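Visitor: Residue numbers (my numbering): 19 to 443.
If you are wondering where the hints come from, they were derived from the structure by calculation, not from laboratory data.
Do not rely on the hints blindly, as some may be mistaken.
[Claimed, not checked] DSS-like mimics (lysine-lysine), calculated; alpha carbons at most 27 Å apart, straight line:
hint	residue 1	residue 2
1	345	383
2	383	397
3	182	147
[Unchecked claim] Here are the simulated distance ranges between beta carbons:
hint	residue 1	residue 2	range
4	186	355	41 to 49 Å
5	427	131	48 to 56 Å
6	125	160	23 to 31 Å
7	425	354	20 to 28 Å
8	120	243	18 to 26 Å
Owing to the predicted nature of the structure, the values given are computational and were not obtained by experimental measurement.
Beta carbons: idealized from backbone N, C-alpha and C, even for Gly.
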Amino acid sequence: MMKIANMKYAIGKLMLAAVCPVAMLLGGCDSDEPASSPAGGTTGMNTPGEGIVVCGGNGDLVAQTRFTGADDTSGPGVEGTCRADRLEIYPFFQGVGIGDSSWPDENRYVYNNPNVNSSVTIDPVFDLKIMGRDGYTEAQLNAHKDNYYFYIYNTALAYTEADKSNFTTNIANRTSSTLSLNGAGTSYVTPELYYGILRFKNEDDWKSNFDKAENVYYQSGWGESNHTGDLTGRIFRIVSQVNLTITDIPAGEVSSIELYADHFPTQITLNGTHGSYYPVHAVTDPANTTQNDSVLLARTDISPTAESAELSSFLLPSEVGMRFWVKISYTGESSRDRVFDLRPQTSHYLTGDDAAVYNVGSDLKHGSDLYVYNGNAGKFCFYSYSNVRVNLSGRFDNIAVDTSEPNIEIVVNPNFEDEHNFDII
19 MMKIANMKYA IGKLMLAAVC PVAMLLGGCD SDEPASSPAG GTTGMNTPGE
69 GIVVCGGNGD LVAQTRFTGA DDTSGPGVEG TCRADRLEIY PFFQGVGIGD
119 SSWPDENRYV YNNPNVNSSV TIDPVFDLKI MGRDGYTEAQ LNAHKDNYYF
169 YIYNTALAYT EADKSNFTTN IANRTSSTLS LNGAGTSYVT PELYYGILRF
219 KNEDDWKSNF DKAENVYYQS GWGESNHTGD LTGRIFRIVS QVNLTITDIP
269 AGEVSSIELY ADHFPTQITL NGTHGSYYPV HAVTDPANTT QNDSVLLART
319 DISPTAESAE LSSFLLPSEV GMRFWVKISY TGESSRDRVF DLRPQTSHYL
369 TGDDAAVYNV GSDLKHGSDL YVYNGNAGKF CFYSYSNVRV NLSGRFDNIA
419 VDTSEPNIEI VVNPNFEDEH NFDII
C-alpha cells in the first residue's frame with residue numbers, strides 16, 4: 019500500500035518541538051489532560067441544486083450535510099474535490115397500521131426489508147457525474163404502503179468504485195448499521211468515504227415532522243397506495259486525512275520509508291452525532307480499533323536522488339488516540355531497518371468554529387478547543403475527525419534521530435479546504 023501526497027497549505031502553523039528516540043510504540047494512549055463553477059453534467063440533467071451533491075465543503079458551508087434546493091446556488095461549486103464515483107442510497111422505513119400512528123422508535127426503521135405493510139424500491143448504486151469539483155446524481159425511490167402510516171428516513175454513502183473491496187457495510191436498521199474496513203494484521207486501507215442525509219425534493223408531496231425526528235417523512239391514508247420521491251441533499255467526507263512530508267533525505271542512504279499507527283480505527287456506526295454535519299458515530303471503543311497492533315498506513319520507495327518523501331492515509335473518525343511511527347530502511351553495507359516514534363511534545367487543537375462543529379467526548383476537549391494531537395505528559399496521541407486534514411512535516415534528521423530535539427511542523431486544515439492533488443495507489 020502506497021499513498022503519496024503533494025500539497026501545501028497555509029491555514030495556520032504551529033512549530034512543535036519533538037524528541038524522537040529509537041523505540042517501538044508504547045501501548046495505547048488517552049487524553050485525560052487538561053471556487054469552481056459547474057462544468058460537465060449530462061444532457062437532460064436538471065439544475066444541479068435539485069439533485070444529490072457530493073463535495074468537500076468550505077466557507078459558510080462548514081462541510082455540512084444539509085438540504086440543497088432548486089434556489090440554492092451554493093452547489094455544486096464549493097471548494098474541495100470529490101473523488102467518489104459511486105453512490106448508494108439507504109432508505110430506512112417503517113409501516114404501521116391503524117391504531118399505531120405514533121412516530122416509531124429509531125431502531126424500528128429498517129433498510130430494504132419489505133413487510134406486509136410497506137416496501138421501498140430504489141436502484142442499488144448510482145454513478146456520480148462530474149460537476150466542477152463535485153460529484154452529482156439524481157435519484158428517485160418508489161414506496162408502497164397498504165397500511166395507515168408509512169415513515170421513511172433516507173441516507174447515502176459515496177465512494178470510489180476502486181475502493182469498494184476495502185470496506186463492507188452492514189445496513190440493518192437506522193441505529194445499528196455499520197461500515198467496517200476489510201483487513202487484518204497490518205493490512206488495512208481506509209478509502210475516501212462520504213455519508214449524509216437526503217431529503218425529498220418535492221416536500222409538499224410528503225409530510226414531515228422535523229421537530230420530532232430530523233429528515234423523517236411520512237405518508238398517511240386509508241388503504242393501499244404508491245408514492246414516488248425525488249431525493250436531494252449534499253453529503254460530505256466522513257474520513258480524516260494524515261500526511262507526513264519528510265525533506266532533506268540524505269542522498270543514496272535510504273531505500274524506503276513506511277508510516278505506521280496503532281489503535282487504527284476499523285469500524286464506525288452510520289448513525290449518530292459525530293458532529294453537527296456528520297451523521298455517524300466516531301470510534302470510541304478500542305475494540306473497534308486494532309488496539310496495540312500497528313497498521314501500515316503508507317509506504318514509499320526512495321530513489322538515490324530523492325530529496326523528499328510524502329506519505330498519506332485516510333482514517334475513519336476516532337476518539338481513541340493513535341500513535342504514529344516510521345520505519346526507515348537504509349542502503350549500502352549498513353543496510354538495516356530502524357524505527358522512530360513521532361513524538362512532538364506540544365499539543366495542537368481544532369479551535370473556534372472548526373471545533374464547535376464536532377460533538378466528542380469530554381476527554382478530547384481542552385476548554386473550547388479539541389485535541390488533534392495531545393503531547394501532554396508523553397501521551398503522543400493523534401485523533402481523527404471527519405473532513406479534517408492534518409499535515410506533518412520535518413527534515414529527515416528531525417525524524418530519524420535518537421537524542422536531539424528536532425522540530426516537527428503540524429498544519430491542521432479543517433474541512434479539507436483547497437483542491438487536494440495526491441495519488442492513491
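Visitor: Confirm or reject each hint.
Guide: Tested hints:
1. Annotation: proposed proximity of residue 345 to residue 383 is violated, straight-line Cα distance about 31 Å (limit 27 Å).
2. Between residue 383 and residue 397 the alpha-carbon distance is near 15 Å, which keeps this suggested pair within the 27 Å criterion.
3. For the given pair, residue 182 sits about 18 Å from residue 147 by alpha-carbon distance, which is consistent with the 27 Å threshold.
4. Taken as a hint, the range 41 to 49 Å is violated for the pair residue 186 and residue 355, whose Cβ atoms sit roughly 33 Å apart.
5. The hint said 48 to 56 Å for the Cβ distance between residue 427 and residue 131, and at roughly 51 Å that hint holds.
6. At about 25 Å, the beta-carbon gap between residue 125 and residue 160 stays in the expected band of 23 to 31 Å.
7. Between residue 425 and residue 354 the CB atoms are about 26 Å apart, so this pair conforms to the stated range of 20 to 28 Å.
8. Distance hint check: the CB atoms of residue 120 and residue 243 are about 20 Å apart, consistent with the given range 18 to 26 Å.
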